[in-house]
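*Asks:* As you go down the protein sequences, you meet chains A, B and C in turn. Going by our numbering, the first sequence opens with residue 4, and the numbers climb by one from there. Going by our numbering, the second sequence opens with residue 7, and the numbers climb by one from there. Going by our numbering, the third sequence opens with residue 770, and the numbers climb by one from there.
Honestly, the hints are just simulated from the structure, not real lab data. Here a beta-carbon is modelled for each residue, glycine too, at the ideal position from N, C-alpha and C. Be a bit skeptical, because a hint or two may be false.
Unchecked claim - Here are the simulated distance ranges between beta carbons: (1) G58(B) / L1571(C): 29 to 39 angstroms; (2) R30(A) / D1487(C): 47 to 57 angstroms; (3) S825(C) / G504(A): 56 to 66 angstroms; (4) V411(A) / P1219(C): 36 to 46 angstroms; (5) G1035(C) / V411(A): 23 to 33 angstroms; (6) A1491(C) / G58(B): 30 to 40 angstroms; (7) A201(A) / D1487(C): 17 to 27 angstroms; (8) L1579(C) / Q32(A): 36 to 46 angstroms; (9) V1573(C) / A201(A): 44 to 54 angstroms; (10) D1487(C) / Q32(A): 52 to 62 angstroms; (11) G803(C) / R490(A): 47 to 57 angstroms.
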Amino acid sequence: MITAHGPILPLILPLAVAILLLFLPRRAQRLTRMLSVAGSVVQVGLGLLLLRTVAEGTQLVYRLGDWPAPYGIMLVVDRLAAWLLLTSALLALCALIYALAGGDREGRYFHVLFQMQIFGISGAFVTGDLFNLFVFFEVLLISSYSLLLHGGGGPRTRAGLHYVILNLLGSAIFLLAAGLIYSSCGSLNFAHLAQLMAGLDDSQLALARTGGLLLLVVFALKAGIMPLHLWLPAAYSETSAPIAALFAIMTKIGLYAILRMSTLVFGSSAGSLADLYLPWLLPLALLTLLIGAAGALAAARLGRLAAYLIILSVGTLLTAFAGGTGGIAAGLYYLPHSTFAAASLFLCAGALRRCRPVIGDQLIADGDLPQPLIMGGTFFLAAMAISGLPPFSGFIAKLLILKALPQVLVWGMILTTALAAVIALARGGNQIFLAASGPMTLPRGGKSVVLVTSLWEVPAIAGLLILIFILTLAAGPALEFTQDTARQILEPANYIQAVLGGG
Amino acid sequence: MEILIALIIGLLSGCGVYLLLQARTFSVVLGLTLLSYGINLFLFATGRLVIGQPPVLSAVSSPADPLPQALVLTAIVIGFAMTAFAIMLSLRAQAELGNDHVDGEQP
Amino acid sequence: MSLMLAILTPFCGAPLTFWIARRSRKWGTFTALGVCLLAALCLAPMAPAIYGGAASIQYLSWIPAAGIDLTLRFDGLGLLFAQMILGIGALVIIYACYYLSEKDSLGRLYALLLLFMGAMLGVVLAENLIILLVFWELTSLASFMLIAYWRHDSEARRGAQLALVITGAGGMALLAGFVLLGQMAGSFELTTILLRGDAIRAADNYPLMLLLILLGAFTKSAQFPFHFWLPRAMAAPTPVSAYLHSATMVKAGVFLLARLFPVLSGTLFWSWWVGGIGLITLLLAAVIALFKHDLKGLLAYSTISHLGLIVALFGIGTPLAAVAGVFHLINHAIFKAGLFMSVGIIDHECGTRDMRRINGLWHSMPHTAILAMVATAAMAGVPLVNGFLSKEMFFAEAVSVGGQMRFGWFLPAIVTLAGIFAVAYSLRFIHDVFFNGEPVNLPKIPHEPPRFMKIPVEILVLLCLLIGIVPQYSVEPILDVAAGAVLQGPLPEHDLAIWHGFSPALFMSLIALVGGLLIYLGRQPLFALHTHLEGRLDGRKIFEALLAKILAGAAHITNFIDRSSLQQQVSLLVGATLCLGVAGMLPGPGVLTNLPALLPVDAVSLIMTLVLAAAALRATIGHRQRLTALILTGAVGLIMTLIFVKFSAPDLALTQLAVEVVTLILLLLALYFLPQKSPKESSPARRWRDGLLALLVGSGMSLLAFAVMTRRSTTISDYFIANSIGGGGGHNIVNVILVDFRGFDTLGEISVLAIAALGIFALMQNLKLKGLEQDAQGRPFDPDKYPLIMATFSRLLLPLALLVSVYIFLRGHNLPGGGFIAGLVTAIALILQYLTNGVVWTKKRLPAAQTHPLIVWGLLVAMLTGLGSWLFGRPFLTSAFGHWSLPLVGEFELASAMAFDLGVYLVVVGATLLILINLGLFRSSTAVREKKTWKS
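Work the whole structure out from these sequences, hints included.
*Replies:* What follows is the structure, given as structure tokens:
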């Protein structure tokens, strides 16, 4: 099954689950939840299977409709795709479990939209076709719009409005870029494009180059790279905690697309268009780092702090991607870490908002928290993880990034921004957890609500932290894998060979 | 003829962008509509302009490039879904924020 | 392995102790002690070999790919520190159990102390520098939690934060330094690094690397100018100060200098930086200490000063100096821990630490007084106590080294001066606290503490005396192996005798003692001077001001960039697109070069273009009149249709037409709930800016479009044209592409449509909107909602429309048409019913269309069609078709693609209806809505 239909399974599964859920009557809450969670669990299993299958270096190519490449749409699972599939599946599972605490009842179709979101994300990772990538971007965007707005409320609606309109414009640019590339190369298949790039004449070259750079704009918008990051803090801090946690993968999709394009279509085989993105990456990365650090220091709420730390991690990843094999390997190791860490921080913020009805997740002191040990402890670990303090995987990743890019400026930025994160988190934690004392401020006339972290919140956060622990303990094999991955994607010939055969 | 189409594309996208930059949700939605006209036409144009050769076999000898047409068709439908969502969202914003300014507050 | 166990024991013991101590303080204490013992037992078996001068390395693989493995090293230096960490740790644990009041959680303190103990062991037993750094940072974190132990005291929190930031910054520098060092040595393993000393010292990056590492060491060991965090850390409970901030953690920096001594030392750069900083710290802190009224403050500064002394010794760089450094490191740990504990006792008994109020305790607590005096004597460097010996060696080194360089005299001078102040503050401590009249209104009546609280102090004081009197038998062995491990070579000639004859060092000691006495006697003017200078140059104030500036700056930047304004974000995105677009096009050849033959322009097209341009521009400029703008936009859409017709895209034309109609209806409905006009709000300048951006985008698009249309290139479409009939079984290539060649796109696309519909449905839930009662001109709307003629007409129209859509659907595979268009036509036909007959009427007759079944079935059909091909062992969405003949109907074709298209059809109908009806519902009387929501 895995070898025959492997690449499509992680797409069909969430789609099927979503359709199934739509058949259930609205009152079948428990069944809906069970199905949804079961789907996500199986998705994780699929991720693991695929990872194991491609670990030896084979690329699974799936010819949809049985049409030969490059005419049909190809799904391709290589090390990179499998790595990201697994990451997103694990993240989704944890976010979903957290949502069972009640977030999924705030509006209609939560689980359907959630599964559709996974459908879109997985599709974006495995597709080997430019226009199909566009379609899956739309799938994941339209689901993300609804999930972001899930539950409603003024600020959330405003953030959603900005997010939606900005991304609609982004989609238009995507179409433009796709058109440019099709008109210049006459194909849409990544592998085929990579092959054609080298043979373009000047007039076509300009169009292809423009298309490529416009794609960079689109992906930068998705990834939240400065100066296109402005939608991110509002959207992530205003939406509900589980969705914010799930969105921790969103920026990574943009980064994935950048990496895929820059190594495959505009990779070493692209002739004069080779490394089209490379000169842009490092400057943008350093600026993004700066903005992220400043925002983190300036943040007044935990959610916003976490959002800016995501921007910080985007900058770090982009820096890594500019660092050749070593850098990309380190980056790919850092990617799941930063995703899980940021997600756990968002979930902490969510739990905090529920425990402090009035103050919410503002970085100021309030009454003594329920289960201070659990909440403080999880926050402490999450903070350590995301700010890249040892012994967690983030520390190792940062170290390797430093090794990969021996430049004073890069080192300075990476280290000072990391320090900034530490300061911001220390100040926040100081206020929220250490300075907390006395009874909790309750809404005026509000009856004393039960202020305990729910049955589902703790395991979700703990799950993410455990994932980080595993990533740390298994750093050896994990890094070997990401190094193989880096080597694989930097050698596009294999990919092209696998897709086009003979080619 | 190519020049005319090119001008139309430019005009539509230009108008679309101008409306996108306005401060009211309805104008923005109109802008998105115009912009998507322009983009769709552009995508269509990547198949070059052919007159009287619809890509329906048995009718013609050398049909126009069908792929861009298929892509545009997809783009049109997706665009419709997105426009619908955007306009509904602006209604929601109107209801929740009490005005239709894109930033949710009257300047 | 056993080393790993020794490190892990405290980590695992911490939660256990926490759990037990919550139930019984006594048993908690025993557990904690047990943990220390266990850790010691893990190391004990190897100790003899280490005393023999051996060093054992234990390897545990972690990340071989990055040269980071859990390699641990147990040698003389590690042994020395392990003894201090575990020994003093045990004493502190005993002490804390009496020091801490009942209301404080002893368990938390023990747990944190044990965590710190484990981290510290990790630092001193690490062989791999990165592992060392890992534990190094952990000690910082543990110290943060320990300083903030009394979390309700804001001073404690601030102190903890300060310590974390300073040491954290040091950690970052250290990381950079280690990576550099690792790259120079080609490994992070100490064994390798220690062998590469010469190469490393010769490397170009040596100064940078050294500075980074020194930053780490000096921040940790509170050297000038980073010393100010240590006094603030005194907000911690005294056991913590006794353990972390005198004996162990602050020694980590010194430990690092000792560890890397053979590699880094021996250059002028090293001597100047390490020696210089050490001396400055030594003198400065000694002077400040004299003026501290707070007992712990005095001890904190004296600690800083002594650390400076040790650093200075390593800075001098001679083997003998290194030995002296290690020796003083031992002595200081012992007497300073003892002193902190006795100060803790005094604090505990008097309820204050202010020396201006604590006097004459000699009468109330003589036993404690004696203990404190001996320890203080060691601090001052009085003969027969351990501090004297190492200080003497220090003096001797200062003289001998100073003798070898120009202006060498200043070295002994500074050293002696520092000695003088050390004696002075020691005298002040003893005299003020235990004599000097009567106590001044103390909160408590002081008396001797419980017996067991003094035992740890007694042990430490005993050690002071033992080392001070019979060093050869007490400290010699461990000192030798430790110093040996530091030097990585033969030990220099040294003897630890008390009497070296009348050496210069002896005179310096005498000067120090006498001078100290004099200074203390003449202290009044000095205190006056100090109170005058107080707070003029407070490192912490400067630092916090700096931090505040940075925070303000960050807030400034962020608020400047992030204005949460959509218009700003859109213009940024447009700007970015323009920049990269230009960057992409500039290098290429001109767009207008070597053009092929263009299609001729005919009059109709020209006119149409002009109409379109007029409509678009009018809509844009007059966008504030919303209804007009909307209708004009619709007109533009219709002309688009004509363009598609002209350029041989019938499918597109049909789709565009249908979508146009639906969109128009939708926007009209929406406009009903929105203001009819936009206010005039953007300033002229703003309008110019927008116009400019629009102009640039427009011209850019035109150029690109023209370039695209005038460049020929071979595409993959030829394949589609060739295989449409043979492979896809259809003549309409576009439709075949949609449902077959690229059917997967279509699956994603109908998913988008479906999700959009569901999302909109969710969006519309319990949404309160009020429509307008009158139109823009203020005329009320026609009360007759559903004009009769139109209603009946449309009802008659419905079957016809449905028939048409079925026809369009069926022929789709071979002629223009297909699922999309058919679906849209059906949807429009139905919507017409809603518009003309009202939602309520229609809903009664079309229940299915009310919510999502159509969509679900559509998605299901599409997906199952795709999955169907699995049964034939083919990939997803593989199509099959065949020709069948029935009587009457005759020859016709059935393709699996048609089933897929059916799915598309259903989704399109369902989604479109769902979207529009939900909006239409608002127009029908709200009463209906209320009932509906009531039922559901």
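*Asks:* Now, for every hint given, state plainly whether the structure supports it.
*Replies:* Results for each hint:
| no. | hint | result |
| --- | --- | --- |
| 1 | G58(B) / L1571(C): 29 to 39 angstroms | holds (32 angstroms) |
| 2 | R30(A) / D1487(C): 47 to 57 angstroms | holds (55 angstroms) |
| 3 | S825(C) / G504(A): 56 to 66 angstroms | holds (57 angstroms) |
| 4 | V411(A) / P1219(C): 36 to 46 angstroms | violated (58 angstroms) |
| 5 | G1035(C) / V411(A): 23 to 33 angstroms | holds (26 angstroms) |
| 6 | A1491(C) / G58(B): 30 to 40 angstroms | violated (21 angstroms) |
| 7 | A201(A) / D1487(C): 17 to 27 angstroms | holds (21 angstroms) |
| 8 | L1579(C) / Q32(A): 36 to 46 angstroms | holds (42 angstroms) |
| 9 | V1573(C) / A201(A): 44 to 54 angstroms | holds (50 angstroms) |
| 10 | D1487(C) / Q32(A): 52 to 62 angstroms | holds (54 angstroms) |
| 11 | G803(C) / R490(A): 47 to 57 angstroms | holds (50 angstroms) |
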